[in-house]
Every structure is written in C-alpha cells, then in structure tokens.
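Peer 1: Each chain, written out:
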Amino acid sequence: MLARGLRDEGFEVVYTGLRQTPEMVVSAALQEDVDVVGLSILSGAHMTLLPRIVDGLRAQGMDDVLVTAGGIIPDVDIPVLREAGVDRVFGPGTTIRQVADYIRENARPHENG
Amino acid sequence: MTASAEASAREGSSVRGRALADAARSGDRRALARLLTQIEDRTSAAEAALRILYPLAGKAHLVGVTGAPGAGKSTLVASLVGEARAGGRPVAVLAIDPSSPITGGAILGDRVRMQAYAGDRDVFIRSMASRGHVGGLATSTVAAAAVLDACGFPLIFIETVGTGQSEVAVAAIADTTLVVQAPEMGDEVQAIKAGLLEVADIVVVNKADRPGADRAASHLRAMLTVGAQHDRALGDRPRPKRPDVLLASGMAGTGVSEILAALDRREAKHGAGSREQADGTRLARAEAQLAGILAERLHQQLWDPERAAATEAVLRAVADHELDPYAAADQLLVSVAKGGRDGPTSAT
Chain A
4 MLARGLRDEG FEVVYTGLRQ TPEMVVSAAL QEDVDVVGLS ILSGAHMTLL
54 PRIVDGLRAQ GMDDVLVTAG GIIPDVDIPV LREAGVDRVF GPGTTIRQVA
104 DYIRENARPH ENG
Chain B
119 MTASAEASAR EGSSVRGRAL ADAARSGDRR ALARLLTQIE DRTSAAEAAL
169 RILYPLAGKA HLVGVTGAPG AGKSTLVASL VGEARAGGRP VAVLAIDPSS
219 PITGGAILGD RVRMQAYAGD RDVFIRSMAS RGHVGGLATS TVAAAAVLDA
269 CGFPLIFIET VGTGQSEVAV AAIADTTLVV QAPEMGDEVQ AIKAGLLEVA
319 DIVVVNKADR PGADRAASHL RAMLTVGAQH DRALGDRPRP KRPDVLLASG
369 MAGTGVSEIL AALDRREAKH GAGSREQADG TRLARAEAQL AGILAERLHQ
419 QLWDPERAAA TEAVLRAVAD HELDPYAAAD QLLVSVAKGG RDGPTSAT
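So the sequences go chain by chain: A and B. Going by the numbering used here, the first residue of the first sequence is number 4, and it counts up by one from there. Going by the numbering used here, the first residue of the second sequence is number 119, and it counts up by one from there.
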C-alpha cells in the first residue's frame, strides 16, 4: 500500500518483497543505487535488524542513503535506533503524504544535466 | 549560471563520468550502480562514461524477455540466472517496468523473485522505470546494457512487460528475444495481436506443470508452421520470425537448462563471430539508439533558453492551425541547422 501510495506521489519504488535479510536489503539498495531505504518491520526484530542494515549500507559506502522504518516499533526504541543511524521512524497512523514530504525534503538530490 | 561556470560544471561531470566508468570497469559494483543512475537521468556524466565504455562493449549476449503480465517472466529469468551461475557465468538483469504517465512514479517489483542472489557479486540486477523520455526507452536500455557489457557481464537479460509498443521495441533490440507465455491464459491470440510472436526468437510456454501446457505448445507450433508455409508466398517481402517453442516451468526449474542451451546455440550461430541475421539486429539497435539521441539533442536545442520562446511561438502557431505541422517541423529544423532563433515565419 505504501509502495502504491508513493508511486502516486511520483516516486520510483523498488519493491523487494517480504522477509528480506539485511544482506538482501543492502544488496538491493546498492544495485538499485537508491536514495531512500524504507523498511517495514512487524516481527519485533527491529533492534537487531535495523542497525545491521545501517552498518551494511555504510560498509558499502552508502552513507548518503536515507534510512526510514515503520511498522510496529515501540517509542522507547526510537532514540536507540536514531543513535544507530536510522534517520526516521514512522509510527502507526502516519500518512503517505507525510512520508512523501519527508523523503522529498531529506533525500539526496539528483544532478541534472 | 555564467557561461564559464556552466562550462566548468560540464567539465566536472565529464571527469566524474570518466571516474565512474573506470571504477565500474574495475569491478566496483557501487560505481556501476551509480553510473546506471546517471544513464537513467541522462546526465552529461553518463555521456562521458559511455564514450569510454561503448567501444569496449559489443561482446555480451543481450536477451530480451517479454510476455503478458502473469506469464511468469521474473520467475523464469530468476531460474535462468541460477542456471547460468551454476555454469560459473556472470549474469546481469535489467528489469523494466512502466512509469505512471500521470505522476511519473513507478513500482518496480521484479526483484522480488530474484533476491536469492543477494550474496553473489556476479549477479547484478537493476530495475528501470520506462519514464517516457524523449527518444524513447530504447536509448537508455541500450546504453545501460552497453555499460553492463563493458563491465564484464557476458549474458544480460532485459525483461519488459509485453503490453506496449515500446516494450516490444525493447525486446526487438536484443540479440535474442524470448517471449514467455502461460497456458490457460488464452495468450496465443493476445500474443499475435500484440505482435509479440513476430519478434520472438524463442517462445517459452511457461508453467509447463499446469494442464493445457502441451496443448498450448502444440497449438503455437502448428500456428507457426502454417506461418512458415505462408512465408514462401510472401516472397521477398518482410516476414515475421519463426521461433522455436519450448516448454518450461520457471517455478520448478524444469526446461530451464534447455532454454539456456538454446540461447547459447543462437549465440554461437549469430554471436560476435558470425554475421548475417545478427547484423540486422545490430543495425536496428544502433538505429534505435541514434534516433533516441538525435531526438534528445534536437529537444535540447529547441528548448535551449535562448530559443525556447521561438519554439513556443511555432508550437502555438500549429496549435492554432495557423501553420501546418510539417512546415513547422521544417522551419524548426532549418532554424536549428542555421543556429538562428527566428519566430515562426508565415506560410507562403
């Protein structure tokens, strides 16, 4: 649903499917040269998986990629995740427009010409 | 921007393009990915990189894979990638999905079936949105394939949804075109309507474990045989290709090695060593690429800030039916050739 909504906002969304390992996420982000990685986690494993993804991206030199997460993430975990390098955690009830606006304001710009 | 600032910006992106090309060539996958973004964005860095890489390309086997949505293209390509990797060959995939004509957005979902290769650096998968550029999708696709080719991928799959004319065109610029069909979809007639069978070198009846697959395959073979008999009556007129029909199941992996073998046979027959039929494909590819670049260059010239007002005036004159579009086109071409910036001259 988010992918569809962001498409309607004019984004090109590479959808990789469910149950991705951190390695799969990093590899897809690298090959697709994405500007933003959006992660949805419902399993409760966000405290281990998200930092591993951020570290994996950094190890590949992708420091300028925006990392965002959503799903079921308790508020108390958010500061720790931000510390680990997750740029933004979207809570339940976030609208697609809010996500789109955040990405437009914060993702690295593309060069033209 | 002043003229000198513009010139130095252009110089900067040339340097960056060349650096990306060198890094990508030496096996830096991040550089390769960034270069493909430049190609998609059609930047001057991409142009600088292609000037280095194009002469190094021309060795890979470009395989177009197309077919109706739901025919199982991605799953089949994923199986073909696995088969090629089992033989130790690096493989690249360009998966092209349509952009929304309204918002420009796109959902690129072909990776879902190919994520198993995440740990393998000799598999490179890149999604591309069709974007509706001036000059068409073919230009970016051929350029992206040339980059992957120059970076050492001998086998490149270009996957498109076979529903639109531009997708068929992309399939047609490949060395070999594979059309994927599923039984039970009533696809045979649809495929003829869409012109898909005419561009196919190999037709794969996928989901061969489903009932009706054998019947679909023999139906197709029969149809193609009738076509082949009719070829003689066509004499020297252009004739559609007469593809092989193979059965496979991308999901179960059956028939996949046979497809790869058929691809390799074609490559051996028509590939870099030999010419003839392959020559036509190469020329078509070069033409598609050049036509795209010419259209783009022309577009840039026409909408150059110093000429845009004049172009706009001609456009307006055509919209108001004061000038016919052919005369308008000739006027614009002459004006670009002269480097002038005249408004519309009234028809005489």
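These are computed hints drawn from the structure, not numbers from a lab. For each residue, glycine too, the CB sits at the ideal point set by N, CA and C. Hints are not guaranteed to be accurate.
[To be verified] If the Cβ cut is set under 10 Å, some of the chain A residues that face chain B in the computed set are:
| no. | residue |
| --- | --- |
| 1 | Arg7 |
| 2 | Val16 |
| 3 | Val17 |
| 4 | Leu21 |
| 5 | Glu26 |
| 6 | Leu33 |
| 7 | Glu35 |
| 8 | Asp36 |
| 9 | Leu42 |
| 10 | Ser46 |
| 11 | Gln63 |
| 12 | Glu108 |
| 13 | Ala110 |
Peer 1: Now look at each hint and say whether the structure bears it out.
Peer 2: Structure-based check of each hint:
1. For A/Arg7, the shortest C-beta to C-beta distance to chain B is roughly 7 Å, which falls under 10 Å, so the interface hint holds.
2. Nearest Cβ of chain B to the Cβ of A/Val16: about 5 Å, under the 10 Å cut. The hint holds.
3. Against a cut-off of 10 Å between C-beta atoms, the interface hint on A/Val17 holds, since the closest Cβ of chain B lies about 5 Å away.
4. The beta carbon of A/Leu21 comes within 9 Å of a beta carbon in chain B, closer than 10 Å, and the hint placing it at the interface holds.
5. Interface restraint check for A/Glu26: the shortest CB-CB distance to chain B comes to about 5 Å, inside 10 Å, so the restraint holds.
6. Against a cut-off of 10 Å between C-beta atoms, the interface hint on A/Leu33 holds, since the closest Cβ of chain B lies about 6 Å away.
7. Look at A/Glu35: its Cβ gets to within about 6 Å of chain B, closer than 10 Å, so that hint holds up.
8. Given the 10 Å rule on beta carbons, the hint for A/Asp36 holds: about 4 Å separates it from the nearest Cβ of chain B.
9. Because the smallest distance between the Cβ of A/Leu42 and any Cβ of chain B comes to about 14 Å, over 10 Å, the interface hint for this residue is violated.
10. Proximity of A/Ser46 to chain B is violated relative to the hint, the smallest CB-CB distance being about 17 Å (cut-off 10 Å).
11. A distance limit of 10 Å between C-beta atoms decides the matter here; for A/Gln63 the minimum to chain B is near 6 Å, and the interface restraint holds.
12. Restraint check, A/Glu108 versus chain B: the minimum CB separation of about 18 Å is more than 10 Å; hint violated.
13. Interface hint at A/Ala110: violated, since its Cβ lies 13 Å from the closest Cβ of chain B, which is beyond the 10 Å cut-off.
Hint violations for this structure: numbers 9, 10, 12 and 13, all remaining hints satisfied.
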